[in-house]
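Single-letter residue listing:
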Amino acid sequence: MTDDSLVTIEVDGQPLQARPGSMLIEATDAAGISVPRFCYHKKLSVAANCRMCLVEVEKAPKPLPACATPVNEGMKVFTKSPLALAAQKGTMEFLLINHPLDCPICDQGGECELQDVAVAYGGDVSRYSEGKRVVKDKDIGPLVATELTRCIHCTRCVRFGAEVAGVRELGATGRGEHMQIGTFIERSVDSELSANIIDLCPVGALTSKPFRYQARAWELQEQASIATHDCVGSNTYAHIRRNELMRVVPRDNESLNESWISDRDRFSYLGLNGEDRLTVPMLKKQGRWEEVSWQEALQAVATALQSSAEQSGALVSASSTLEEMFLLQKLLRGLGSSHIDYRLQQIDFRADSVMPVFPWLGVSVEALEKQQSVLLIGSNIRKDQPILGHRLRKAALAGAQVTFINAAHYEHTFDATHIVTHAARMVAELAAVAAAAGARSSGVAAELIAAARPADAHQQIADSLKQQDESLLLLGMQAMHHPDFAVLLELTRALSEATGSKTGFLPLGANGFGGTLAGAVPMHGVAGTSIETPGKNAAELPLADLKTVILMGVEPQYDLPAGESMLQALASVPTLIALSAWRNEHLEAMADILLPVSVAAETAGSYLNAAAECQSAQGLLAPPGEARPGWKVLRVLGNLLDQEGFEYNSAADVLSEWQAAVADLPADNRIKANTLDALNLQSDDEQAVVRLAELPIYSVDALVRRAGPLQQTRDADQKQLRMNTDLARHYDVQAGDLLRITQNNVQAEFSVCIDDTTTDHCVRLSAAIPGTEQIGGMTGWISLQKVDA
Amino acid sequence: MSMTNSLQNQDKNTLFSDDVKQQIDQWVAKYPDEWKQSAVMAALMIVQESGNGSLTTEQMDRVAAYLDMPPIAVYEVASFYSMYELKPVGKHKICVCTNVSCMINGSDRIVSHLNEKLGIDFGEITDDGRYSLKEVECLGACGGAPMMQIADKYYENLTPELIDSILEGLD
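In order, the protein sequences belong to chains A and B. Our numbering applies: residue 1 is where the first sequence begins, and numbers increase by one. Our numbering applies: residue 1 is where the second sequence begins, and numbers increase by one.
Careful, some of the hints might be misleading.
To be verified - Here are the computed distance ranges between Cβ atoms for each label pair:
id : chain 1 : residue 1 : chain 2 : residue 2 : range
1  : B       : D33       : A       : E470      : 23 to 33 Å
2  : B       : D33       : A       : A673      : 42 to 52 Å
3  : A       : Q785      : B       : D128      : 55 to 65 Å
In short, the hints are calculated from the structure, not lab data. Model, not experiment: these values are computed from the prediction. Think of the CB as a built atom: it goes at the ideal place given N, C-alpha and C, for glycine as much as any other residue.
Turn these sequences into a full structure, and let the hints guide you.
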């Protein structure tokens with residue numbers, strides 16, 4: 001069958017059809033004809049500098065590179081003719097001149113493109129007897145190891161930085177024999193996608209630093225898995241040796257993560273096996289922890305739940321599996337309680353009744369790059385959801401207008417409009433855009449719109465959202481964790497109505513979308529079924545005098561933003577049960593029962609991603625010691641409590657029950673109108689200082705917090721109190737000085753970092769970092785005091 | 001493209017002296033607005049000449065900031081071309097051609113005379129900072145081989161005696 005829009009070429013006597021303008025190598029790859037290559041990569045621009053893919057083309061006087069030769073009607077190509085083979089062998093011989101013969105000590109050995117091609121095209125004896133080139137290795141950070149003597153200058157890593165990561169950190173300096181890949185000056189490569197250059201490197205010049213010398217490719221079993229640190233659910237392969245997760249690499253999925261994964265998804269596995277891993281069930285008896293059998297521990301939990309009944313509650317991590325969330329809420333609702341929440345970092349719950357039941361990104365991940373105008377509210381998308389940041393970058397490069405309304409200036413890898421304002425003024429800035437668009441609302445949102453004096457920038461955003469067919473409003477993590485989330489949401493609704501833009505969410509956690517649909521929320525059941533008595537939300541629940549509270553995958557000192565008050569409230573819960581993969585001093589101090597559970601790759605489970613697709617992963621590793629997958633623990637608890645419908649044989653059974661309950665409910669971001677009385681974050685004092693509490697990329701969940709190399713990156717280095725020069729002058733402090741910060745009557749001391757991108761009257765102090773256990777991680781009013789040395 | 005350069009946020013007017021800025025702007029004006037990085041080679045040369053004959057990382061960072069380029073892209077250019085000096089050079093940079101024509105006509109003798117007279121090898125500077133030696137490839141003056149270049153002047157048909165008088169004549 002022929003298609004007129006295609007051209008027909010002949011490769012090695014075989015007729016092929018190809019899109020006009022495509023390169024020969026794309027046609028041969030599609031047909032499964034192997035052409036050796038090093039510099040060509042389907043996701044990068046064509047460099048044609050390695051010359052390995054030389055093939056013979058009829059009527060061409062010399063061999064041509066298949067990666068840079070466009071197809072032409074009637075073209076006859078020979079990939080294995082004597083001329084082509086001679087060219088390829090010649091190239092190979094030159095490449096091997098300076099390549100060290102250190103395959104036995106090279107991490108790439110066994111999965112090396114150069115090694116593979118050398119076997120096919122290399123000579124058995126080198127004709128080169130002169131000295132080989134040696135290149136000094138560079139330290140480019142804790143994630144990527146360099147061995148630059150092995151580099152063959154394909155420049156894939158350089159092109160990746162420029163074209164995909166959007167940060168040009170690596171380059172090829174020098175000329176000819178002296179050309180080197182590196183950063184030229186001593187510095188680290190800091191992109192959140194940086195480690196993809198490990199996979200791209202066809203040789204062992206760039207390898208994984210944490211994986212170095214740990215295993216050989218042929219010892220590893222490759223298993224499909226899903227990344228669990230953001231709402232993308234990037235597809236991955238886990239490489240396992242003897243029940244140990246040795247590394248994680250991307251699994252191609254054009255509709256989600258293409259060929260990439262974030263550094264967070266790649267290296268979080270390093271947090272799996274710390275010394276603080278909880279491996280046996282533990283019971284606190286007379287104030288002392290004792291290791292007990294599962295039976296005893298579970299019986300104790302069942303007894304506690306039985307007696308507390310509707311006085312039971314649960315907080316569950318947004319990175320838990322759908323099965324865990326579904327079973328936990330089923331268990332609680334079986335006891336007559338709806339006190340369950342997974343939105344642990346949220347502090348404003350006034351929008352509970354208007355939030356969609358099945359929220360999602362609003363467009364597919366692929367469609368994100370087709371948007372023409374995008375307004376992001378409270379989002380550092382690049383660090384929060386790196387893969388979505390990359391898609392948004394593609395949209396921007398294609399000409400989309402991208403605007404951020406944020407309380408801090410975040411560096412992006414594309415041109416965007418940044419409206420950077422004080423955290424308390426984010427509502428006003430959004431209201432100004434809404435006013436420019438002629439949006440209508442009620443209550444405080446209407447007052448804000450009426451009071452707004454839209455500037456040209458606001459008008460321009462409103463116009464672009466209105467005029468473009470593909471326009472999208474995205475509420476990021478900082479909006480969802482903002483003290484006035486409900487107001488931001490109502491303004492977004494009004495703006496969406498006025499401009500015809502779609503809306504979307506960028507929540508925290510692998511199941512940031514799934515939790516609502518799984519019923520792990522206090523205001524409705526599974527798939528939005530209405531309930532008689534709504535339960536307490538994440539902020540109220542610990543303070544609600546419940547008799548028994550379950551924490552599932554929660555590190556209370558970091559995952560609950562209220563800090564000390566919350567820790568004290570939890571400590572006074574009569575029976576506090578933690579299903580946790582780790583033990584830590586806070587849990588040990590406040591909990592009464594610790595149940596060791598699986599994490600990430602150790603458990604079968606499903607995640608509902610931003611594109612509203614449910615992806616399931618298998619349990620690939622046996623959890624350490626006596627730890628068990630969370631869904632199994634909950635199943636047994638259901639049995640012990642004689643609840644009906646807990647006879648599951650597998651996680652898949654749980655999932656199908658949930659899927660049946662959700663049935664054909666479509667993803668729908670329609671937000672209902674909401675009349676709100678007042679702002680939570682406002683002050684009459686114009687000098688009042690606000691703390692902006694951002695959740696850093698490598699602090700989002702317990703597993704990531706334990707991944708050592710990620711914690712050594714520059715992105716993890718946000719452990720100071722950042723403020724601009726004006727504010728520092730006001731408090732008479734300089735960089736490095738100590739400041740005492742008081743928030744919600746709790747004090748903490750941090751050293752000062754001067755950062756002039758911080759807005760006036762604002763300090764940036766991240767949430768979920770060491771030192772914030774007591775003060776918590778909320779955006780809100782604070783006071784500051786200089787600590788005298 | 002994201003830039004990772006603290007100078008990137010600096011006011012462009014303060015990156016260079018007025019004179020240097022004016023010279024660079026003449027080159028920037030020759031290219032379309034969105035291709036101002038095309039002026040990078042000229043800008044590097046102007047900055048190098050305005051200072052002491054070599055480029056520091058900071059100066060290259062300033063060029064990067066001025067032309068809205070990632071610093072590494074500037075380093076690539078500066079390290080590729082031999083006319084940019086990335087290490088300090090002497091007040092007089094003596095570039096001696098050792099390519100075919102000059103070699104046949106005795107450049108070895110010229111080089112060894114310079115080595116002895118100045119006490120330095122290629123890539124080195126005299127202790128007083130007055131001279132540095134650089135080996136260069138063909139400068140297109142084969143008719144006058146052996147030859148060398150100092151500043152923008154060619155000296156041809158060299159002999160040891162001629163070199164002595166040339167060096168004496170330098171300021």
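Evaluation of the provided hints:
1. Our hint of 23 to 33 Å for D33 (chain B) and E470 (chain A) holds, since their Cβ atoms are close to 28 Å apart.
2. Evaluation of the 42 to 52 Å hint for D33 (chain B) and A673 (chain A) yields a pass: the beta carbon distance comes to about 46 Å.
3. Range check, Q785 (chain A) to D128 (chain B): Cβ separation about 58 Å, and the 55 to 65 Å hint holds.
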